[in-house]
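Start from the sequences and build out the full structure, keeping to the hints where you can.
Number of protein chains: 2
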Amino acid sequence: MRKIGIPEVEDIARGAALLGAGGGGDPYIGRLVAIGAIKECGPVTLLDPEEVPDDAFIVPFAMMGAPTVLCEKMVGGDEYKALFEIVANHTGKKVFATMPMEAGGLNSLFPVAAAARLGLPLIDCDSMGRAFPELQMATFTIGGISASPIALADEKGNTVIFDTITNKWSEELARAVTMSCGGSVAVTLYNVTGKQIKDYGVKGIVTRSQQLGAAMRNVKNVTDKTPEESFLEFSEGIKLFKGKIVDVLRETRGAFNFGKVVVEGIGECKGHSAFVEFQNENLSATVDGEIVATTPDLITLVDTETFNPVPTDALKYGKRVMIVGLKCFDMWRTPKGLELVGPRYFGIDTDYEPIETRSKGGWK
Amino acid sequence: MRKIGIPEVEDIARGAALLGAGGGGDPYIGRLVAIGAIKECGPVTLLDPEEVPDDAFIVPFAMMGAPTVLCEKMVGGDEYKALFEIVANHTGKKVFATMPMEAGGLNSLFPVAAAARLGLPLIDCDSMGRAFPELQMATFTIGGISASPIALADEKGNTVIFDTITNKWSEELARAVTMSCGGSVAVTLYNVTGKQIKDYGVKGIVTRSQQLGAAMRNVKNVTDKTPEESFLEFSEGIKLFKGKIVDVLRETRGAFNFGKVVVEGIGECKGHSAFVEFQNENLSATVDGEIVATTPDLITLVDTETFNPVPTDALKYGKRVMIVGLKCFDMWRTPKGLELVGPRYFGIDTDYEPIETRSKGGWK
Chain P
0 MRKIGIPEVE DIARGAALLG AGGGGDPYIG RLVAIGAIKE CGPVTLLDPE
50 EVPDDAFIVP FAMMGAPTVL CEKMVGGDEY KALFEIVANH TGKKVFATMP
100 MEAGGLNSLF PVAAAARLGL PLIDCDSMGR AFPELQMATF TIGGISASPI
150 ALADEKGNTV IFDTITNKWS EELARAVTMS CGGSVAVTLY NVTGKQIKDY
200 GVKGIVTRSQ QLGAAMRNVK NVTDKTPEES FLEFSEGIKL FKGKIVDVLR
250 ETRGAFNFGK VVVEGIGECK GHSAFVEFQN ENLSATVDGE IVATTPDLIT
300 LVDTETFNPV PTDALKYGKR VMIVGLKCFD MWRTPKGLEL VGPRYFGIDT
350 DYEPIETRSK GGWK
Chain R
0 MRKIGIPEVE DIARGAALLG AGGGGDPYIG RLVAIGAIKE CGPVTLLDPE
50 EVPDDAFIVP FAMMGAPTVL CEKMVGGDEY KALFEIVANH TGKKVFATMP
100 MEAGGLNSLF PVAAAARLGL PLIDCDSMGR AFPELQMATF TIGGISASPI
150 ALADEKGNTV IFDTITNKWS EELARAVTMS CGGSVAVTLY NVTGKQIKDY
200 GVKGIVTRSQ QLGAAMRNVK NVTDKTPEES FLEFSEGIKL FKGKIVDVLR
250 ETRGAFNFGK VVVEGIGECK GHSAFVEFQN ENLSATVDGE IVATTPDLIT
300 LVDTETFNPV PTDALKYGKR VMIVGLKCFD MWRTPKGLEL VGPRYFGIDT
350 DYEPIETRSK GGWK
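Protein sequence lines correspond, in order, to chains P and R.
In terms of numbering that gives the first Met the number 0, the numbers along the first sequence are unbroken and rise by one, the last being 363.
In terms of numbering that gives the first Met the number 0, the numbers along the second sequence are unbroken and rise by one, the last being 363.
Careful: at least some of the hints might be erroneous.
Derived pair list, reagent style EDC-like, types lysine to aspartate or glutamate, alpha-carbon separation capped at 16 Å [unchecked claim]: (1) K155(P) x E171(R); (2) K243(R) x D287(R); (3) K363(R) x D287(R); (4) K202(P) x D329(P); (5) K359(P) x D287(P); (6) K202(P) x E50(P); (7) K155(P) x D77(P); (8) K238(R) x E250(R); (9) K80(R) x D287(P); (10) K318(R) x D329(R); (11) K155(R) x D162(P); (12) K155(R) x D287(P).
Now the stretches of chain R that chain P is said to cover, found in silico as 3 or more residues with beta-carbon under 8 Å [stated by the list, open to error]: (13) 156 to 164; (14) 178 to 191.
Far from chain P, by Cβ distances over 10 Å, these chain R residues were calculated [what the hints assert, rightly or not]: (15) L31; (16) P42; (17) W168; (18) E355; (19) T356; (20) K363.
To be clear, the hints were calculated from the coordinates, so they are not data collected in a lab.
Every residue gets a Cβ at the ideal spot worked out from N, C-alpha and C, and that includes glycine.
Printed below as a string of C-alpha cells:
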C-alpha cells in the first residue's frame, strides 16, 4: 500500500503512454484530469493485488472511444459517481476499489481521478498490460470472466447498463452507444473479485508505468551511455526504426481511429522506410516491406529527442520518431490470447511471431 | 374488465393495423404471436384505465425497429420475462400491468402475448392512438413523463437499461442498440402510474381496434350500402384516393423503413395519380401534386377488395389500394403535439392542417 500524489501521476502518465502502444489516449489530458482530482480530493491509495481480499468486489473504470475524440470530449466529473452508484445498485454489492482496464495516457490516469473523487483505493493491476482498441480484448476474457454488467455514462447525464451474452457483444453494443453519445464515454466493466485479479490481472502495471516514466524523465542525466541506449535499456525496448514522419493517414470510423503512419529513415536508417498501421493502437510495424513486429507485442513511437511517446492521435508530419517494440504480457502469447488480439484478428495476414525473433533483435 | 381470447385477437389485429397508419408491423405476425401465447397461457384480462388504481405501476411493452425486420426477426419468448424482471429490479417496484405503446399490427398484439406469458393484466390504453416511428413520439412525452428507464432485450439474451436525460436521447441510444442487435428488439419504456394513463393515455384503443376489426370482417355482409361506403362509415375514414401501386421506393436506414409509394388512379380516380411518403408509418399523401393529408392524422392504405390494411412493409407493385385518412387523437393537434409529430418534424415543408379541411372532405 502506498499513496499516489501529483509527482507519481506525472511519471505514471509518461510511462503509461509508452505502454499504451500508440493508444490509451493523450497523457497530457490524463495528467491534468488526475492532478485536478488529487488537488481537490487528496492522494489516492494504491493497493498491491496481494493486499486485496479474495472476495472483494472491484469495479474497473475506463474511457471508451476514439482517442482523437477523447482528448476533446472529456468526463464532466459527475460520471464517476453516477457509474459507481449504478453498478452498486444493479449488482447489490459494495464496491471495494477501482482499477484501470488498460495502460495508456488517459486510461491509466482516469481511474486515478475516479479513485480520488470516490474515495476508493486503486489496485496496481490492469487487464491488458498495454492498450487495445476493443473491450473484449482483456486477460479477464481469457479467464472466462464476463465484461457484464457494463455501465456507461456520458457527460450529458445519460446512463446505460448492459448485460450481454459474450464480451464481444459487450463491445458491439457499448460501441454503438459510444458513437451515438458523440464518440467517447465513461465506462465501468469486468467487475471482478480479488481472486480473479490475482489469477488473471496484469499485476504491478501502475508501478511499472511510474518506473518507466521516472526513467524517461531522467534519461538525459545518465552519463555513461547515450540517452537512446539508456532508454532502450530501462524500457527493455527493441529499436525497430528511426525516421521522420512523412505521411499520416487517419480515419475516425466506428468510434475508432484507423490509420497508417509512414516514416522515412534518418541517421542510421537513412535510405530505408517503414510504416506502422493502427486501430487506436499500433498493430504492426513494417520496415522495407518486411513486418518486424505485430500485435499483441507493443509497438510505440517515441520522440527521438525527449523519448516521450507519440500516441496515434498526435502523429504529425515532420516529427522525428523512433519506433520501439516491447514484449507483451505472457498471457497474450497463448492460443486463447492470440485468438483475441493476434494479428489475424485485425486482418493482418501473418501468424504471430514473438517480437524478439521477428524483429531479429531490432535495427543494428 | 373483460377477457381477450383468440377471437378478440383476430379482430384486434385487423383493426390495429388500420390504426397503425402503415406502421406498427405486420398483423399476420402479431396475430400468430398473441394466439400462440393465449393457447399456452390462457386468455388475458383487459382492464379499463378507470379500473386501475392511481398509484399502480404499469410497464408498457413494444417491439422497436424496422417493420421489414420485425416480421422476420421476432421475440424468442424469453424476452418478456427478462425485461420485466430487469425493470422490477431496477426500479424496485412491483409491476401491476402492461399496455401497448402504439396501435399497430405487431405492437398492439405483442403486449397481449407479454400479458399472457407474464400473467399480467393488459390496459385498454396506449400512448399514440396510432403508430409513430420514434419513441419520444408519445402522448406521455406531452405530459412530461420520462421514457426512462428503458429496458431492451434481444432474442440472443443481451439486455440493456437506459436512463436518459430526454426522451429524444432515449430514441437516439435505443435506436443505436437496436441497429447493432440486428434491426429489431423488445423494449419496455415509459413506466407509468395509473394516474398518468388516465391523464395522458389514449384510452380505449384496444377496444376500438377490436371494433374496427370486427366491422372490417363483416364489411361485405352489410346489405344497404356498398362495402366501400360501409367501410368508410364505420372507420370514420376519408377516402383520399384509389388506384394501383405502380412504384415502391424503400430504404432501410437507421432501423427505419423510409420510402414512397406511387399510386396510379383506377375507377373514379382514373387519369389521376398520388403518392404517399413514409418513415415506418405513412407521413403524407399527395394527390395530383397537392398534399391532402399529413401526420399526425392517420394515412392508411387498404386493399380495395378486402379492406385489409396494407402496411408499408407489405407494399407491392400492382396491388389495388384505397388511401384512407383518419383523424388523429386530439392531443396531437396541440402545439406541443405538433412539435413532436407534426409535418415539419419529419422534414415536410408545410404547416399542419387538420385532415377534415386539408382533404376538402376527400375524393368525391
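Q: Starting from the hint list further up, note which numbers the structure goes against and sort them upward.
A: 8, 9, 10, 12 and 17
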